[in-house]
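There are 2 protein chains.
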Amino acid sequence: MNISRTSYPRIVIIGGGFAGVSLAKKMSKKEVQVILLDKHNYHTFQPLLYQVSTGGLEPDSIAYPIRKILKNYPNFTFRLADVQEIEIGKKNIITNIGSLKYDYLVLATGSETNFFGNVELEKHSMAMKSIIESLNLRSLILENFEQALLTDDLHERDALMNFVIVGGGPTGVELAGALAEIKKGILPKDYPDLDTRRAQIHLVQSGSRILKEMSKKASEKAEEFLEGLGVQVWKETRITNYDGKLATTMTDFVFETATLVWAAGVKGALIKGVDAKELTVPGNRLKVNQFNQVEGIEGVFAIGDIACMVTPEFPIGHPMMAQPAIQQGANLGDNLIKLLERQPLTPFKYKDKGSMATVGRNKAVVDLKNYKFQGVFAWFVWMFVHLFFLIGFRNRMVVFVNWVYSYIRFDREARLIIRPYNKDYSKFKD
Amino acid sequence: MNISRTSYPRIVIIGGGFAGVSLAKKMSKKEVQVILLDKHNYHTFQPLLYQVSTGGLEPDSIAYPIRKILKNYPNFTFRLADVQEIEIGKKNIITNIGSLKYDYLVLATGSETNFFGNVELEKHSMAMKSIIESLNLRSLILENFEQALLTDDLHERDALMNFVIVGGGPTGVELAGALAEIKKGILPKDYPDLDTRRAQIHLVQSGSRILKEMSKKASEKAEEFLEGLGVQVWKETRITNYDGKLATTMTDFVFETATLVWAAGVKGALIKGVDAKELTVPGNRLKVNQFNQVEGIEGVFAIGDIACMVTPEFPIGHPMMAQPAIQQGANLGDNLIKLLERQPLTPFKYKDKGSMATVGRNKAVVDLKNYKFQGVFAWFVWMFVHLFFLIGFRNRMVVFVNWVYSYIRFDREARLIIRPYNKDYSKFKD
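These protein sequence lines are chains A and C, in that order. Number 430 marks the last residue of the first sequence (the working numbering); no jumps. Number 430 marks the last residue of the second sequence (the working numbering); no jumps.
Think of the hints as simulated: they come from the structure by calculation, not from any bench. Just so it is clear, the structure is predicted and the values come from calculations on it, not from any experiment. Heads up, some of the hints might be wrong.
If chains are identical, the list can't say which one is meant, so a pair holds when it fits in one copy or spans any two.
[Claimed, not checked] Derived SDA-like pairs: lysine to any residue, alpha-carbon spacing no greater than 25 Å straight-line:
hint, residue 1, residue 2
1, Lys39, Glu156
2, Lys245, Arg396
3, Lys101, Glu143
4, Lys338, Ser355
5, Lys129, Glu143
6, Lys189, Asn72
7, Lys71, Leu229
8, Lys189, Ile97
Just chain A, with the same shape it has in the complex (with noise of 0.2 Å):
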């Protein structure tokens, strides 16, 4: 790669989401040279990824260019790259437009989708972890509508309007808390001649109650509320396989549908070269000390899902969400530049400002530490906390726009086909 060095210390980061652009951000005007590395031109807000599966929201809503993030900050480059192995030896990285070389390297990848090893469940059901994915979603969802219509099989009409999603957490509450709202909303008027009411939303939760994460009060609310909206909640209940048409479970029960979307478990996106057994912990993550670094590589770093930082408070790791991605970044980047200073390190603790989830309309649940609440204050403390954590004003404001809208007209106006649903564009694209 044709990047010149400069006189200060190289820094490479591989990965432009919460963790490595809150990283890029604190090492802006430093002397150092910082070299950010993401197989997409643009930084994507995940938490509302569900959003543009239900046509609520527009890909560039949550999705912000990265070179406009770090535009004003000279010491900064910023290459559209796959990053394909880490010669640690060489402090070499190879990419497909090239190799680099670093002075510290920082992994910032992220997580992706954890299938758990089961072949034949990946190659049906549906992720959400990427915007591709979640456009790839929106398309599957209005295409089996569309479908149905043109079926006079009773049974495969309703495996169409069937949606099934596994994982009861804060992705799989939101997801199938939209569904049911465009059931209601939407599907009639769009599809009169179809009887929308046999469409079903399954949540299905291995453990014993969803948000397993937040407080008992929050998961009891939120089941609360998804009834309310009609989603039929399994707890206790893990699904063992899939086959695109049949899901089925520990017992004799099953699923008939045509869209199963897997929310139900996260793994680290390890790269080669740096994805060695003594490296990592189950789950892909890479063992890091409480500075970040990664045990026993010098010089390498590993910030947000991809690091396991194990602590008395957090003995498997921080929670994979952005929160403690967003603060390793900014703590590695006072780090970094303490290190190349020869000041003391500060290691990292974790600051909880709580967590939240909505369920639709007028409905969320928000933990804070001292302070727990769930209803109508708590959605729009979810939206406020979301819009404020948007990159961007026009973002901000679109997304408003776009909230005030199908909050009035009780409606989302991008449910549009515009590619059609391709598992495996999906799938290898991204």
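Given the coordinates of chain A, work out where chain C should sit on it, guided by the hints.
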């Protein structure tokens, strides 16, 4: 196709563009069964496609779900279908989802890019007639700049940063203007390590002036505006071929470019079965009488771009633009009702509402019947008219927010490569 017959006559409309939607709206709540077929589930506001290509707008702002447009009309059915053939004798339509009988058939299939039989040109150049093509062009433009960063070959780098737009109609002019604004406002910030001043935008027109359908004054001013923005306007220049690298002309002069946008011609999108030589005129349009009836076929009508109605005032048919399409759709709607009520039909009379094109920030040209003007006021008129004609309150709001933002910030935020450029994908999937 399992659509039940009602006791009313069945009118099938093929195509949900300006003409088809205008007609469908007219038929609402009348004693007819209306079935609209389109290969997309949305209506496209084609005049703003160039803004999708240049990252100013997202697809949902200029696309509108067809089901939603017509949701309150109980006599209306939509099917997402690709029409393959019409069997005139049997009054039958064959599609990818089955066949369908009609009593009256309205062809509103619009137009497609005309490469005038030049296969190599078609293979290597970009068209911009659909949302997928526009998104594909957006990806290509952005990828070219990423690619330009990677090469040390100055020749190749220049070719990657050169854009040749063929066709000096509104599409070509507006795209050239938008690219020039990107060159000025965005590229230097996004690509500080490229000498983006070397990027060139060429607009190539075979005739003696651009915007040849408009007034002479409009042509002159548009050219002046474009040159002020740094666009090189080549008149009396005809591109003879393009191999992906070199665009040749009638003379020795060649353009070295990695991107050639072909906006130099359209032709009617004919359907098998209604494409016989005696039914059409050059440019693949169907000869229609003054009631938009396809000459020689009982019960079959054509409206919009696909229809060629020769009148003393329009010896080669009406311009292939939105206004004639909308007006023909509305007129035919009235006439179909009259036909069923055995009343005399009203011949179509085109009411020219004027035409306009924008060149860039504060710059547009407007021709009204008795009043022609250019500059800032024209630009405001252009924006107002385009906002007004967009379907849907939310679309107008979102476009408005985007435009205000771009105006204030000299920016376009949707510069996202969501899916990589893929010539074949664009061509064969749409």
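Results for each hint:
1. In the homo-oligomer, the alpha carbons of lysine 39 and glutamate 156 lie at most 25 Å apart only across protomers (23 Å), although the nearest pairing inside one protomer, at 39 Å, exceeds that limit.
2. Taking the closest pair of Cα atoms, lysine 245 and arginine 396 never come within 25 Å of each other, the shortest separation being 39 Å inside a single copy and 41 Å across copies.
3. Within a single copy, lysine 101 and glutamate 143 get their C-alpha atoms only as close as 46 Å, which misses the 25 Å cut-off; across copies the closest is 24 Å, which meets it.
4. In this homomeric assembly, lysine 338 and serine 355 never come within 25 Å of each other (Cα to Cα): the closest approach is 31 Å inside a single copy and 63 Å across copies.
5. For the identical chains of this complex, lysine 129 and glutamate 143 are neighbours both inside a copy (21 Å) and across copies (23 Å), given an alpha-carbon limit of 25 Å.
6. For the homomeric pair lysine 189 and asparagine 72, the shortest alpha-carbon distance between copies (8 Å) is at most 25 Å, but the shortest distance inside one copy (48 Å) is not.
7. In this homomeric assembly, lysine 71 and leucine 229 come within 25 Å of each other (Cα to Cα) only across copies, at 23 Å, whereas the closest approach inside a single copy is 44 Å.
8. Proximity of lysine 189 to isoleucine 97 under the C-alpha cut-off of 25 Å is restricted to the inter-copy arrangement: shortest distance 22 Å between copies versus 49 Å within a copy.
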